Amino acid sequence: MSEWWKYSLSDFLMFSSRSYYRLIESYNAAIWPAHFLALVAGVIVLGAIARPRQHLRRSAALVLAAAWGWVAWAYHLERYAEINTAAPYFAVAFAVHALLLCWLAYRPSNAAPAPQPLALGLSGLAILAYPLLALARDGGQWRQAEVFGIVPDPTVVATLGVLLAWRAPAIFWLVPVLWCLVSGATLMELKIGHAWLLPALALTAVVARVMGSKTPRDLNSTANPQS
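5 is the number of the first residue of the sequence shown in the numbering used here; add one for each residue after it.
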């Protein structure tokens with residue numbers, strides 16, 4: 005029996021970067037023009053961060069839940085499973101997180117009293133700028149754009165912004181952060197230039213959440229330790 009530690013992620017990948025982006029291209033073509041609906045959903049999410057009101061918060065959480073559920077079925081199960089045997093497990097994780105987001109919609113709000121620029125920036129990057137990465141790659145084109153609510157990566161990053169803005173408990177962070185690590189590692193093995201982006205954004209969001217959880221007394225005691 006071969007030693008398992010001799011294997012790397014590349015030994016388990018059954019597809020190339022070309023196959024990966026062809027899948028996204030065919031997926032985009034199959035569901036067009038649903039992307040306009042995804043953009044409207046993204047604006048709702050951004051509005052809930054910019055104006056933290058209970059009804060907006062609930063609407064945004066349900067929008068995110070629908071996005072995660074859609075990605076679980078339409079992307080992971082229906083498309084990604086064709087080239088990645090782990091995709092059904094990803095689908096389960098995304099479906100579970102969709103249920104958690106439904107719970108988040110109706111739990112008592114811990115949203116900050118004012119908009120958080122970093123949270124708004126994370127979600128804005130995912131919803132408005134992430135599709136532009138398709139043009140940054142060699143041979144990339146608009147038909148291969150990764151859009152919030154359509155594919156996993158921008159959907160997860162937008163969710164990180166929401167979780168940060170609403171100071172969500174740790175359980176809501178588990179699947180998004182794990183996905184950022186898995187997807188980042190996959191893109192790295194495929195030698196995609198922006199492979200570092202997802203792990204970096206996840207780390208930024210987690211650090212900001214940890215720092216934001218400290219009370220003014222905690223910060224004061226750290227800055228002025230007792231002798």
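Hints were generated in silico from the structure; no laboratory data involved. Model, not experiment: these values are computed from the prediction. Check each hint, because a few of them may be wrong.
[As the list claims (entries may be wrong)] Computed beta-carbon distance windows for the label pairs: (1) Ile35 - Leu132: 18 to 24 Å; (2) Ala133 - Ala189: 36 to 42 Å; (3) Ser23 - Ala212: 32 to 38 Å; (4) Thr89 - Ala34: 18 to 24 Å; (5) Lys195 - Ser30: 19 to 25 Å.
Beta carbons are placed, not taken as given, at the ideal position from N, Cα and C, and that holds for glycine.
Do the hints match the structure? See the list:
no.	hint	result
1	Ile35 - Leu132: 18 to 24 Å	20 Å, holds
2	Ala133 - Ala189: 36 to 42 Å	23 Å, violated
3	Ser23 - Ala212: 32 to 38 Å	35 Å, holds
4	Thr89 - Ala34: 18 to 24 Å	22 Å, holds
5	Lys195 - Ser30: 19 to 25 Å	22 Å, holds
Of the numbered hints listed earlier, the single one contradicted by the structure is hint 2.
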